[in-house]
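Here is what each chain is made of, one letter per residue.
4 protein chains.
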Amino acid sequence: MSDSVKPGPHFLQLPGPTTTPLRMMEAIARPTINHRGPEFRALTVEVLEGIRTIFKTSGPVIIYPSSGTGAWEAALVNALSPGDAVLMYETGWFATLWCRLARKIGLEPELLAGDWRSPVDAEAIGARLREDKAHRIKAVCVVHNETSTGVTSDIAAVRRAIDAAGHPALLMADLVSSLASVDYRHDEWGVDVAVGGSQKGLMLPPGLSFNALSEKAIRAAETSRMARAYWDWAEMLDANRRGFFPYTPAINLLQGLRVAIEMLNEEGLDAVFARHRRAAAATRAAVARWGFETQCSDATAHSPVLTAVRMPEGVSADAVRDHALERCNMSLGNGLGQLDDRVFRIGHLGDFSEPLLLGTIAGIEAALGYAGVAHRRGGTEAAIAALSGTGMAGAADMAA
Amino acid sequence: MSDSVKPGPHFLQLPGPTTTPLRMMEAIARPTINHRGPEFRALTVEVLEGIRTIFKTSGPVIIYPSSGTGAWEAALVNALSPGDAVLMYETGWFATLWCRLARKIGLEPELLAGDWRSPVDAEAIGARLREDKAHRIKAVCVVHNETSTGVTSDIAAVRRAIDAAGHPALLMADLVSSLASVDYRHDEWGVDVAVGGSQKGLMLPPGLSFNALSEKAIRAAETSRMARAYWDWAEMLDANRRGFFPYTPAINLLQGLRVAIEMLNEEGLDAVFARHRRAAAATRAAVARWGFETQCSDATAHSPVLTAVRMPEGVSADAVRDHALERCNMSLGNGLGQLDDRVFRIGHLGDFSEPLLLGTIAGIEAALGYAGVAHRRGGTEAAIAALSGTGMAGAADMAA
Amino acid sequence: MSDSVKPGPHFLQLPGPTTTPLRMMEAIARPTINHRGPEFRALTVEVLEGIRTIFKTSGPVIIYPSSGTGAWEAALVNALSPGDAVLMYETGWFATLWCRLARKIGLEPELLAGDWRSPVDAEAIGARLREDKAHRIKAVCVVHNETSTGVTSDIAAVRRAIDAAGHPALLMADLVSSLASVDYRHDEWGVDVAVGGSQKGLMLPPGLSFNALSEKAIRAAETSRMARAYWDWAEMLDANRRGFFPYTPAINLLQGLRVAIEMLNEEGLDAVFARHRRAAAATRAAVARWGFETQCSDATAHSPVLTAVRMPEGVSADAVRDHALERCNMSLGNGLGQLDDRVFRIGHLGDFSEPLLLGTIAGIEAALGYAGVAHRRGGTEAAIAALSGTGMAGAADMAA
Amino acid sequence: MSDSVKPGPHFLQLPGPTTTPLRMMEAIARPTINHRGPEFRALTVEVLEGIRTIFKTSGPVIIYPSSGTGAWEAALVNALSPGDAVLMYETGWFATLWCRLARKIGLEPELLAGDWRSPVDAEAIGARLREDKAHRIKAVCVVHNETSTGVTSDIAAVRRAIDAAGHPALLMADLVSSLASVDYRHDEWGVDVAVGGSQKGLMLPPGLSFNALSEKAIRAAETSRMARAYWDWAEMLDANRRGFFPYTPAINLLQGLRVAIEMLNEEGLDAVFARHRRAAAATRAAVARWGFETQCSDATAHSPVLTAVRMPEGVSADAVRDHALERCNMSLGNGLGQLDDRVFRIGHLGDFSEPLLLGTIAGIEAALGYAGVAHRRGGTEAAIAALSGTGMAGAADMAA
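Residue numbers (the numbering used here), protein chains in the order written: chain A, 49 to 448; chain B, 49 to 448; chain C, 49 to 448; chain D, 49 to 448.
For the record, the hints were derived by calculation from the structure and aren't laboratory data.
Just so you know, even glycine gets a beta-carbon here, dropped at the ideal spot from N, CA and C.
Any given hint could turn out to be false.
Said to hold, decoys possible - Computed Cβ-Cβ distance ranges for the label pairs, DEER-style:
1. A/Pro-86 with B/Arg-71: 28 to 34 Å
2. B/Leu-285 with A/Glu-156: 37 to 43 Å
3. B/Asp-163 with A/Pro-86: 30 to 36 Å
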């Protein structure tokens, strides 16, 4: 085995943070502007308006200078009161973390068990809500795209289940890794609080997070009794109405957010979503060719954003990742929680072109070889065929 | 009056955010790296170690992806319990805001009245603590450099007053606008929690905030009973020990923070502080020449970071700021709270050179003229003389 | 004297290279594109069209990947033949250099003597041409803005003198330091070859140069007999017609040139010229106040681009420059040729705002003090007054 | 066929210009510095010294602000006199262009015919020189790496042939596309003038070119009689000795050149060369798998820098390139001269990582499919196997 090729651009193929396009980085690296001046007010108005097109909502979207975890906390502390019951669903690691956070801040979350390979079971949620005659459950919290497993859930189905149960619980959805990569319709789907982050489909560095609010959520916040200041929606909404923020915002990231919104709308959200789906299908074609399973076991729930690849028994997923990093200058996502060292995760979201995706897949195929992991070759070919949409990229057969 | 000169670099002469040096912007605009990989771990270790040299502490410093307001909240929710009494001192607008935040999250703050022109009165704090025989007051919270007034307080004196009163209260200090611009000695001065932000003396864009902790503060957090998750010191300290963060940090700003620490240590903190003092002295020389008062009325407490300039009765400070912006492409800080339209604030902190400072002063002098505000001319000359350290920049007299 | 203030942005106050605006630097730092692809062709068409608006010509403009010296050579080797006589005028150092270059490449230049303080004497040129009955002189070459002295000449007057003499010589003008800073009208003034560079009024880094051509110049090139390849207009014009270049161009600088043209047209060339004139007048007001002479001794010929300041007998101009660099982080232009150490040159061109200009002047005033050069103080005040257009920037008198 | 994936980074896979690493772009985008100041002098000294390590010479290297064509001209006009005979070898398009340039500037070049698929025939050169008893031939000019064909020639063998012929001709080598990518030893191989460019292995944007000189070349220049000014070595060497340039250099590109030299020496030239060889071998493995011929027909002369791929009779190479551009966001080099539309050229030089190379190859494989060009699939797999150095990247057979 010869020496590795170390130079060249790093391939950051995580399911977030993702590669930030130069145009966005330029905006971020421009001089910080006065957060109390007219230029900033115009920026505020523009991004607050623009981000609503991404969430597909006519309601307000709160932008925090924080990571997505902060927006999880914000959703809960604004709309709920100490001791409130919250119903969650164990899609994977991030669902589990959100549950833990809810408990830490004084709520009583209940986590419906899941197998970390399937989407949210809306029926199970409906059933649990029907049991809750007293309406002790104040919110249902689900993860749209579970970043630890590569499983996407049907949020609209959860809303239907809640409604069918005649239950008044708020519906909260974690969009951290789906926003701007997977179709999401805040108003149409009846979500009360959506939680987003900057470093995934928005293609920004981490540091901004979001809460998109329904009318019902805003009303709930008026009577909720959790202590809050930094995360307080009311102060934020009030300041936003005047074009400002109640405290110094992450100005430069907002400069980048403006560009993110522009770029997404230039390409068109539907085109963006289709591109992610194609990339995901091509990636799965490669995984299948290699002879591996995806962590997602439900064919209808594969994530357009990432693919978690299960390693055979006895094979270390981290060893593949180490070889990808050392030999191929490529970062892959690691297994989280119970999937530690069992899967590696391929991010195919944000700003990517066809050769970038194919280079990622080919690089992984090379890394599998370097790591000595038994696999069928031809994964990249399978991905090319999948991208071509015909199963046949060329006129001549491979066997020719 | 002729047309304005609009092109050219904007002069961002706020008391924060400040101009970010290109070297730091380059680091921020470099590709986001994997926050779970070895390269990031090395970065974490380096910045966590380095930031301690800026706070002059051997204890841990927490870095949040948030603005400074978040770090205010973090200081309180970690070390205190619901209903705790907190003693604060009204140095100005930001002291008032911190007090409001404390009340919002369920504490019982008491704000010792101040005149917004003077530093913290350590004696008054001592006196109040001596009255508190039951030790209901759990923390004393003071602002080191009050950004709304340009007054710097003596933090060590507050510690001495607390000790002299034999009171066990924690000492918390807001360093948001003083950190890395004004001498501060966390360990030596016996501060328990110091609160910092990125967009002032550290010269970064906003988006990072800090809590420097004493042993006593860490112990207090072990028994405190405020609900917390995002701000929780214990989880952060635990993750930091392994070189990571409990949630996705603001990676790119941390890349910039590394450079900030490097640059400050290259110049030397003492040289940095002296540079700020010289700039402040030169600015005050100009203000005096113009015939205006500074908001700070205590000659021993002038801020090295900013100068708030009082306009004569009937003169709008905002009109001067508007002319500075429109005609001179320069942002000045506005008056806050009761000082609305009464003062404008000149930031002279972070990364500035002599001609940048003089250009700022000359630009303000020009703006005073454009705004029709009566003033004595010669402010820039006075600043030049002050910078030269002799009162005489040249061999010939001005009157010659 | 206290320690110097070293950090902060460098003030590059040369008469070129000038400060490059961030927006332009961003374009330059974007990925190099394929110089044979459709995107580049569109860029070529755009900049070739756009640069004509800057020269105010309907004819072609050649863009070389070279410094301005290359464009001097290009002008001569395309339009002339070995041994041709060329009439030049000694406005200063750069006129002298151009003359030297002409001799090196095999022409016979004649340099009409000048005093380095005055503009081109069009009458003297006319007189000389009238003597040249045999029309041995094939070209008259003059410098529009002599960068070594700060003297601007009347190019249209030279054309009138040539025409009045009934002489067929080509008129060549060096615009290196005037292009896009001083009014210039290629077609209207009847210039045959204009020579430009990127690093002055165009605000780009050095590396591009220009030849704007008249019909007469193009025809002259058809029969001229100097050997040429790299500089050959015919090949360049031919390739340009197809949207390309005969060899790899300086792609990234062309990316920047597009932005330069955009920015100049956004501001409007007349506004740009007026801004330069105002800055020059303000600078001269400061120089007069200090008690110094400008190198330009003709009040009608002061350059809008730079001011060369004569130091009194026995005073080293370089010592002032050294103090400006060491103490004020500012680069000033040095004296060239016979003006070595006699003058320093202040660049006030390209992208500058009012406080940048005032900071420059104040910084020089400080440097004069640091260098111990006797001067009257108040230069910055005088500049402020000049900028205000009334001689009175404020309501109160300086003497008040 | 589904829609194309358009966003994401462009793959600029030309044989130059190549991708410029961010670290280098940062240096280029830093403020232009004073080209007559001490900071620039230090830069000059550093790059003039450093560039010698890249050419492997103890002699001087001239750096021009021009493209490589300028350095071709410079080599000839400095060392030769009008009417001198020059012996060249037709390796392909660029050899032909150099010959044309020599004729244009007044030399008498003789181009030994080649088939555009083979390297320089040193024997043929030796034979021709032996015929030249009168030593009319003053220089032998050969292209090290012919960018139009992907053929690398043995420069040392040419020197041996000249010496064996006992002929005094100078040896000039065009390194434009080989410098810093292919092993080159200026002094050891006895080359008199080497011609280089910035936008290939040095990974900079275009705009700098080089002449590396032997003692013999410098002496030849002392008596040569071609007119020259911009390209004059003597003036350049004289100015360089003082740390400056005779005219304004391309300052920002020199800032980038410093970083280029640093990066190459950090990786080590031998490692750089080996990386290019591995990439070329992997690319050829893909080409062979697809069932195509390389333009280079000599197995010992394949270029490490680029691979020109011959399309079968009747297949348009440009159609493949168009699909690569439109569908895969990738630029490939076109066929030049007689190879127009017959070949496409894959650049694999400069700053590239393994997944970037594999993404390029996979992208081309996809483009072949999109263009409907019959080919065997599996090219990327073959490249992976070649990179792994064993022909076996994994434990399982492809046929499994």
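Here's how the hints hold up against the structure:
1. A/Pro-86 with B/Arg-71: 28 to 34 Å: Given a distance of about 30 Å, which is inside 28 to 34 Å, the answer is holds.
2. B/Leu-285 with A/Glu-156: 37 to 43 Å: violated, 27 Å
3. B/Asp-163 with A/Pro-86: 30 to 36 Å: With a Cβ separation near 32 Å, B/Asp-163 and A/Pro-86 satisfy 30 to 36 Å, so the hint holds.
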